[in-house]
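Novice: The chain contents come next:
There are 2 protein chains.
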Amino acid sequence: MRIVMIGAGNLATHLSKALQDAGNDVCQIFSRTEKSAMRLAKNLKTVYTTAFDRIVRDADLYIVAVSDDAIAEVISGLPFTESLVVHTAGSIQMNVFAEKMRNYGVIYPLQSFSKDYPVNFSEIPVFLEANTPENLTTLRSAVGQLPAKVYELTSEKRLELHLAAVFGANFVNSLYAVAAQIVQDAGLPFDVLAPLLQKTVDKAVESGHPAQVQTGPAARNNQRVMQKHIEMLHTHPEWRQVYRQLSKCIQKQQNEQMKP
Amino acid sequence: MRIVMIGAGNLATHLSKALQDAGNDVCQIFSRTEKSAMRLAKNLKTVYTTAFDRIVRDADLYIVAVSDDAIAEVISGLPFTESLVVHTAGSIQMNVFAEKMRNYGVIYPLQSFSKDYPVNFSEIPVFLEANTPENLTTLRSAVGQLPAKVYELTSEKRLELHLAAVFGANFVNSLYAVAAQIVQDAGLPFDVLAPLLQKTVDKAVESGHPAQVQTGPAARNNQRVMQKHIEMLHTHPEWRQVYRQLSKCIQKQQNEQMKP
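Top to bottom, those sequences are chains A and B. Residues in the first sequence are numbered consecutively from 1, following my numbering. Residues in the second sequence are numbered consecutively from 1001, following my numbering.
Same shape as in the complex, but just chain A:
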């Protein structure tokens, strides 16, 4: 399948390499940043352009992998209305294409992509949506050779999935940052916590129901320890509020667990 990649950031880079490795022809890269476009094109041994009107017209699929805020602008710049075009954003509805395009959809790989961290697509679920069954079939065959698990998902449910990912990844990472600061202030390296953090994710995933494997002072309603912790946080009022809020959340989860 001939694919044009619109964008040359982290996701565009990882996704176009994976699609190429899976046997597709990534025939052109478009980015308004020439340096990024050139780098990715070189990496894939393909060509690039920075001009909307030089985008090739005969590809089977155009993938818009740019930041959420740039999607609408990119769509308005695309020099076609009939070709199949998708975006890759968790929180943008598919119908962002509806006004201009005839054939469109979404390819949403659920992972956090960073430049310096390798991505193994065999471990990433990919969520598809398309405006017609035929277009869905085309998307399925584009990603079909990726070793990923593929699901079909509506825009509404993709938004929910994205919200879950914010809790499970972005917010979790901010708690890691708090924990890192606390251990570093105690003169210890952050990696003393690593086995515990690792075990916590393993247990949650293995159980299938994280609330059932909840431990800690709030789960045991150990007021003495909770009070001591809150006192210790006096120099960080925002961490203190997080402590109170999440302790409340745990106790509510525990109560709901106990219901028949």
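Source of the hints: derived by calculation from the structure; they are not laboratory data. A couple of the hints might just be wrong.
Below 35 Å or equal to it, Euclidean Cα-Cα: the simulated DSBU-like pairs (lysine-lysine) are [to be verified]:
{"id": "1", "chain 1": "A", "residue 1": "K17", "chain 2": "A", "residue 2": "K45"}
{"id": "2", "chain 1": "B", "residue 1": "K1252", "chain 2": "A", "residue 2": "K157"}
{"id": "3", "chain 1": "A", "residue 1": "K252", "chain 2": "B", "residue 2": "K1042"}
{"id": "4", "chain 1": "A", "residue 1": "K228", "chain 2": "B", "residue 2": "K1149"}
{"id": "5", "chain 1": "A", "residue 1": "K149", "chain 2": "B", "residue 2": "K1035"}
{"id": "6", "chain 1": "B", "residue 1": "K1035", "chain 2": "A", "residue 2": "K252"}
{"id": "7", "chain 1": "A", "residue 1": "K157", "chain 2": "A", "residue 2": "K115"}
{"id": "8", "chain 1": "A", "residue 1": "K149", "chain 2": "A", "residue 2": "K45"}
{"id": "9", "chain 1": "A", "residue 1": "K157", "chain 2": "A", "residue 2": "K228"}
{"id": "10", "chain 1": "A", "residue 1": "K228", "chain 2": "A", "residue 2": "K17"}
{"id": "11", "chain 1": "B", "residue 1": "K1228", "chain 2": "A", "residue 2": "K35"}
{"id": "12", "chain 1": "B", "residue 1": "K1228", "chain 2": "A", "residue 2": "K100"}
{"id": "13", "chain 1": "A", "residue 1": "K228", "chain 2": "A", "residue 2": "K252"}
{"id": "14", "chain 1": "A", "residue 1": "K115", "chain 2": "A", "residue 2": "K35"}
{"id": "15", "chain 1": "A", "residue 1": "K228", "chain 2": "B", "residue 2": "K1045"}
{"id": "16", "chain 1": "A", "residue 1": "K157", "chain 2": "B", "residue 2": "K1248"}
From chain B, some residues computed to sit far from chain A (all C-beta separations above 10 Å) [unchecked claim]:
{"id": "17", "residue": "R1002"}
{"id": "18", "residue": "D1021"}
{"id": "19", "residue": "R1039"}
{"id": "20", "residue": "D1068"}
{"id": "21", "residue": "V1172"}
{"id": "22", "residue": "K1199"}
Even for Gly, the Cβ is constructed at its ideal location relative to N, Cα and C.
Start from chain A and add chain B according to the hints.
Specialist: Relative to chain A, chain B alone:
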């Protein structure tokens, strides 16, 4: 080394097996719950008692591995004052022993122990504290054969470490529970999130500075997405507060990152 294990719960079970495997003689189990005492003693091919006055007097080390709330009572029941005794609690000061005992300390393995999940001590850091250099040497040699990393740590710093563990493990797990609920409500299995959760911990640990690898709507200050998420949480006011609180926390962390 001859060791008596006081307690027969999850931590007592995992720790006494690890100490035995490391070449120590776990010569007796004490628990007031006969069933637990018997089960662990059988498991270790050793003897048990449920009576304080039947605890053997000639061991080199007594390990109190009971729940935080039971520690004081257990100490008052112990039929000796000279032998070396330790507890294993993150949030209890070493001086809980000071009134009655002459020789005491703490062995704190940083991990969350559950009955159904195996424990690999080679991946668990162990933190030691003792009231004299001689007692510290004894504790070092007791845990010396464990493949764990061993650190010396004061009660005060152990409390900070425990607080960090609450953020990095207990609170993280409560966010996993929220994420699990959201994906399940969307009709998806929780394990679609597993690769993302796994990657999040890997990136945080590898970076050494989780705040530096923070991603997501709050980190990008994407108000449109944040507003949409907050609307979606209208049926869960407590999650909504967590969302607001942690978004604020992320933005503060980002600002602090940017300071020179």
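Novice: Now, for every hint given, state plainly whether the structure supports it.
Specialist: Here is how each hint holds up against the structure:
Distance hint between K17 (chain A) and K45 (chain A) is fulfilled; the C-alpha atoms sit about 11 Å from each other, no more than 35 Å. Restraint check for K1252 (chain B) and K157 (chain A): satisfied, since their Cα atoms lie roughly 30 Å apart, inside the 35 Å limit. Taking the CA atoms of K252 (chain A) and K1042 (chain B), the gap is near 38 Å; set against the 35 Å cutoff, the hint is violated. Under the criterion of a C-alpha separation no larger than 35 Å, the hint pairing K228 (chain A) with K1149 (chain B) is consistent with the structure, at around 27 Å.
Distance restraint check for K149 (chain A) and K1035 (chain B): the Cα-Cα separation of roughly 46 Å exceeds the 35 Å cut-off, and the hinted pair is therefore not satisfied. In summary, the hint linking K1035 (chain B) to K252 (chain A) is supported, as the alpha carbons are separated by about 32 Å, within the 35 Å threshold. With a C-alpha separation of about 28 Å, the suggested pairing of K157 (chain A) with K115 (chain A) holds against the 35 Å cut-off. Restraint check for K149 (chain A) and K45 (chain A): the C-alpha separation of about 28 Å stays at or below 35 Å, so the hint holds.
With a C-alpha separation of about 41 Å, the suggested pair K157 (chain A) and K228 (chain A) falls outside the 35 Å cut-off, and the hint is violated. Between K228 (chain A) and K17 (chain A), the direct Cα distance comes to roughly 51 Å. Violation of the 35 Å bound is thereby established for this hinted pair. Taking the CA atoms of K1228 (chain B) and K35 (chain A), the gap is near 34 Å; set against the 35 Å cutoff, the hint holds. Under the criterion of a C-alpha separation no larger than 35 Å, the hint pairing K1228 (chain B) with K100 (chain A) is consistent with the structure, at around 24 Å.
Distance check on the hinted pair: K228 (chain A) and K252 (chain A) sit about 21 Å apart at the alpha-carbon level, within 35 Å; holds. With a CA separation close to 15 Å, the supplied pair K115 (chain A) and K35 (chain A) stays within the 35 Å bound. Restraint check for K228 (chain A) and K1045 (chain B): not satisfied, since their Cα atoms lie roughly 40 Å apart, outside the 35 Å limit. For the hint linking K157 (chain A) to K1248 (chain B), the alpha-carbon distance of about 26 Å falls within 35 Å, and the restraint holds.
The claim that R1002 (chain B) is not at the interface with chain A holds, since no C-beta of that chain comes within 10 Å of its own (minimum 29 Å). Separation of D1021 (chain B) from chain A is adequate, the least Cβ-Cβ distance of about 18 Å exceeding the 10 Å criterion. No beta-carbon of chain A is positioned within 10 Å of the beta-carbon of R1039 (chain B); the least distance is around 21 Å. Not every beta carbon of chain A lies more than 10 Å from that of D1068 (chain B), the smallest distance being close to 7 Å; the non-interface claim is violated.
The beta carbon of V1172 (chain B) sits about 5 Å from the closest Cβ of chain A, which is not more than 10 Å, so the claim that it is off the interface is violated. A Cβ of chain A approaches the Cβ of K1199 (chain B) within 10 Å, the least distance being about 6 Å, so the stated non-interface status is violated.
Taken one by one, the earlier hints fail for this structure at numbers 3, 5, 9, 10, 15, 20, 21, 22, listed in ascending order.
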